[in-house]
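This is what each chain is made of:
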Amino acid sequence: MTNEEIKEYISSIAPAATFDETGEWLNMIVESAQLKPTMAALRTGKMQMNYLFCLTCVDFKTHLTMVYHLSATTHRQSIVIKANLNREQAMIETVCDIWRTAEFLEREVFEMFGVDFTNHPDLRKLILEEENPKGFDEKKGYWPLRKDFEDPINMIKL
Amino acid sequence: MFSLEGITTNVQDWLFMKFNPTLALAMECVIVILLAISLFAILGLVLVLMERKVAAHIQIRLGPNRVGPGGMFQTVADTLKLIMKEGLVPDLADKFLFNLAPFVVMMVGMLLLAPIAFAKNFQIWDINIGVLYISSVSSLSVIGILMAGWASNNKYSLLGAMRSGAQIVSYELSAGFAVLTIVVLTGSLQLSEIVNAQQNGWWIFKGHIPAVIAFVLYIIAVTAETNRAPFDLAEAESELTAGFHTEYSGMRFALFFLAEYINIFIVCAIGATLFFGGWMPLHIGNWEAFNHIMDYIPSSVWFMGKTFFLIFLIMWFRWTFPRLRVDQLLNLEWKYLLPISLFNLLLVAVIAILGWHF
Amino acid sequence: MFLKDYISDVVNGVSSLLKGMRKTGYYFTHPKEIITEQYPDNRATLLLSERFKGEVVMPHDANNEHTCTGCTACELACPNGTIKVVTKFEVSPEGKKKKAIDALVYRLELCTMCNLCIVACPSDAIKMAPNFEHSVFDRTKLTKVLNQPGSKIREGIE
Amino acid sequence: MYNQTEIIKDTSELGAEGELVINMGPQHPATHGVLHLVVTLNGETIKKIEPHLGYIHRSIEKMCESLTYRQFIYVTSRMDYLSSHINNLGCALLVEKGMAIEVPDRAKYIRVILSELTRIASHELWLGAMAMDLGAFTPFFYAFREREMITDIMEDTCGARLTMNYIVPGGLMYDIHPDFQKKVKAFITQFKSKVTEYEDLVTNNVIFQSRTKGVGILSAEDAISYGCTGPVARASGVSCDIRKLYPYEVYDKVEFDEVLETAGDSFARYIVRVKEMNQSIRIIEQLIDNIPEGDFVGKTKNVLKLPKGEFYTRVETARGEFGVYIVSEGGTTPHRIKFRSPGFSNLSVLNHIAAGSKIGDLMASMGTLDLVIPDIDR
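Protein chains in written order, with the working numbering: chain H, 2 to 159; chain G, 131 to 488; chain A, 9 to 166; chain F, 111 to 488.
Hints are computed from structural coordinates only; laboratory data are not their basis.
A few of these clues could be false.
What the hints assert, rightly or not - Partial pick of chain F residues on the chain G-facing surface, computed with a CB cut under 10 Å:
(1) Leu244
(2) Phe247
(3) Phe290
(4) Asn315
(5) Phe366
(6) Val413
As the list claims (entries may be wrong) - SDA-like cross-link-like pairs, simulated, lysine to any residue; straight-line CA separation at most 20 Å:
(7) F:Lys323 / A:Ser16
(8) F:Lys172 / H:Gly142
(9) G:Lys465 / F:Gly135
(10) G:Lys285 / F:Lys323
(11) F:Lys172 / H:Tyr10
(12) H:Lys148 / F:Thr178
(13) G:Lys465 / A:Ser131
(14) A:Lys107 / A:Gly78
(15) F:Lys172 / H:Glu151
(16) F:Lys411 / A:Lys40
(17) H:Lys126 / F:Arg392
(18) F:Lys158 / H:Glu151
(19) H:Lys148 / F:Ser169
(20) F:Lys172 / H:Asp123
(21) A:Lys40 / G:Lys285
(22) F:Lys323 / A:Cys119
(23) F:Lys354 / H:His76
(24) A:Lys27 / G:Trp446
(25) G:Lys465 / A:Lys27
(26) G:Lys285 / F:Glu171
(27) A:Lys40 / F:Asn388
(28) G:Lys465 / A:Lys40
(29) F:Lys172 / H:Pro134
(30) F:Lys304 / F:Phe251
(31) A:Lys135 / A:Phe145
(32) F:Lys411 / F:Thr178
(33) H:Lys126 / F:Pro136
Bear in mind the structure is a predicted one, so any value in this text is a computation, not a measurement.
Quick reminder that beta carbons are idealized off the backbone N, C-alpha and C, glycines included.
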């Protein structure tokens, strides 16, 4: 399947999607509200992307970007789906009912970036402690992998 | 020739000569108790060291070799450490049962020493239902283990104790049947008579294949009964951390530890008595010269040699095999060992009736 | 048929167990196979590879001279701030000022033995030494000054 | 003396249906490292397993954001410490791909040989630890004897036994030890003569087989859906060997088979790993005599700067697919770095495969997943 065919197919599912072909794989940016239907279509339709091998989030200081690396065990084509999120109210629908591996990966992103995954069955902290450390500003949120995270005790600047 | 028999007779004669019969009997009792306790202590030290050395050599290691020559005093040092350690009792534990459990387990070991013939005519109590006594008393040890598991108020302990209960109760059966085969061949429950019946050959040789099968069944069943790997489900280190004695420390733990080795010694001693003729020397048919040389080896050495051979066998099992799962353990007993031992008992009965054994 | 399976089960099981026991029995009766190294006793014969990364040292020659120019390349290459180069200005007999090291502070407790400082050093002034017995009772002893007291830079090293 | 109320109070906390919640770990003999599993039991049967992570979380991803592209490689040794060399390789490959650095052939060959040695060492350790989980203590020492030869080779060449950091972007830190080839060949002979021991002691053992066969079954669909890779997925019949699918370095020049099993149970996972060791030996045999002469490191700039953009590489570690995802803003340090660790996905499958089985089966399932906790927590 060439990139053009993939683009055509994705455009038919999510018309608002934009593409970027500069990287190794085809990148596609969708609206955060459109993510779930797009993903579901990619999993079930003619693409059969059954293997989510990387799910993460990137903090670009102005916004957060969810990054999903998808692949298929049948045709081995990889594509990257991205969705931009608002930093203050990061919310996106979960994909863990499509790929089971997303359950843990989303929990990790939730605690590290403060992205709220709606409809996630068990959205709790996975790696960090349940309660934020004492003396921490609760309003700011305790999201270590965000760029503005400051921890004067545990982070040493060289 | 050095003989333990002579010593015991002399001591008894001297006591009864000097004191009135009641006092003499009481003093004999005290002596026997002291001997039993010191035997326990020595056996504990020797067997723990032996286990560690056997394990080390199987695992291409050297084992303890720093304390004393060849690490001989390693267990002494360990015992000292255990005595000095604080014996913790968990807050919500049932204090009385928690403290009682190690002693129950030890007590069972002590009671089981009574009918064992350590050498020719060297026996604490030659009871006429010896075999029955042994199989009934040995099943008491499960009470101590259940007590420990329940009183610890620890979920791992409870699981370990429950496993142990199921295991010991079921393996009692095939151990009992294996013992019964010898009883059928001998026609007596008394241990001294069983030994005497093997004067012209041990049962494992005289009793044809059924005796060999019975021996194999016995070894498997007693390995399970003493909670040794591959049947150490009650402790199952990688599953239940330490099973029923997870919460025990210091001297209480040491008692459990000691009891395990004492139990091994006892079951192996009984195994040696039943299948290898106890203190009987090895006699082969008409080789008079050979038999005569064998007679020169003291009977206590014969007994200990056979027992330690069986102990080594059980240790060899432990350091070779993986552990069974709890349902497989019960499967092995009820689907394999029990039918085979029942069949075996039938076979032995036929052999004994027809007089086919030597 | 059932009986045949049953018996073959038992026989196969027992024979597989006996095979395992033969193997362990072999090792039990062959003490030559033992591979134990009696560590504190065999210090004299214990051979470590010359490349073993144990700690950073600075070789000095017979005249108590080293080759460190104080360029701080190692300090920059270090990922954990293990090395701190303290420089001073030496006045040569001709009256020229020359930069030299005052102290090369090395903190063993922070070092991960990644070897990046040694690769970065342009004058081969430091190297890894195959020592591994680093334990001390006082943590401050792990902070070391690598250049020996009174040492100076070898002639001709820039 | 007998304080009844206290004990009853405790049992009432267990739940109405007689559920028993036990904490396995963070200090437990079978959870190698500091994995904490909250296991809900019904008698001996497991109802639910819930992993609690983070006891060895060091936030390596955050750390790497302040390290340069030369420096961040060493940190990855601390993730999956058993295949640290392969982790380093993955990171170096990404930097080389992003900056188009030419790597000399000699470096490529040596990297692959060391990767395969690392894989064997990791599987040897796993084999011993797995046997120990199932209660057989002795295979641990036999496996370590062979592993020790590999760590000695590593020590000679890389200068460290576990966290090697032998790879730099563009090649290797220094050339191999003169004895390298001789020692590797000696290891291959030793390994081949001793591999039958594992068969006698473990593989063919009736107790081991009954403990592992049919335990922890993972279907191919579930393996893909849970993102399992490496021997775990290959035991379920999912072809996922990065060395075959997306060959890096010189894996396209060597002949080896991707080991696939179909049963998907613990025994299949065991067999896959044992056979993989033999395939690794096969790869090393093909390469060890043909290491080309030449430089061991290519020409690189003094300061490495990755161009603006996103980069992803994946390598096959001993546990599965290790991915490195870097978002670069064009500076000397990465803007965001994400390690796709194989252990994380493999752990997430644990509840699925072990729920409903016995406690003893949990050890077999968990043992064959080959979890390395620092790799999961990062």
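For each hint, the structure was consulted:
| no. | hint | in the structure |
| --- | --- | --- |
| 1 | Leu244 | holds (4 Å) |
| 2 | Phe247 | holds (6 Å) |
| 3 | Phe290 | violated (26 Å) |
| 4 | Asn315 | holds (7 Å) |
| 5 | Phe366 | violated (30 Å) |
| 6 | Val413 | violated (50 Å) |
| 7 | F:Lys323 / A:Ser16 | holds (19 Å) |
| 8 | F:Lys172 / H:Gly142 | holds (17 Å) |
| 9 | G:Lys465 / F:Gly135 | violated (35 Å) |
| 10 | G:Lys285 / F:Lys323 | violated (28 Å) |
| 11 | F:Lys172 / H:Tyr10 | violated (37 Å) |
| 12 | H:Lys148 / F:Thr178 | holds (17 Å) |
| 13 | G:Lys465 / A:Ser131 | violated (76 Å) |
| 14 | A:Lys107 / A:Gly78 | holds (7 Å) |
| 15 | F:Lys172 / H:Glu151 | holds (11 Å) |
| 16 | F:Lys411 / A:Lys40 | violated (53 Å) |
| 17 | H:Lys126 / F:Arg392 | violated (44 Å) |
| 18 | F:Lys158 / H:Glu151 | violated (37 Å) |
| 19 | H:Lys148 / F:Ser169 | holds (13 Å) |
| 20 | F:Lys172 / H:Asp123 | violated (25 Å) |
| 21 | A:Lys40 / G:Lys285 | violated (45 Å) |
| 22 | F:Lys323 / A:Cys119 | violated (46 Å) |
| 23 | F:Lys354 / H:His76 | holds (14 Å) |
| 24 | A:Lys27 / G:Trp446 | holds (13 Å) |
| 25 | G:Lys465 / A:Lys27 | violated (23 Å) |
| 26 | G:Lys285 / F:Glu171 | violated (38 Å) |
| 27 | A:Lys40 / F:Asn388 | violated (27 Å) |
| 28 | G:Lys465 / A:Lys40 | violated (42 Å) |
| 29 | F:Lys172 / H:Pro134 | holds (18 Å) |
| 30 | F:Lys304 / F:Phe251 | holds (12 Å) |
| 31 | A:Lys135 / A:Phe145 | violated (25 Å) |
| 32 | F:Lys411 / F:Thr178 | holds (13 Å) |
| 33 | H:Lys126 / F:Pro136 | holds (17 Å) |
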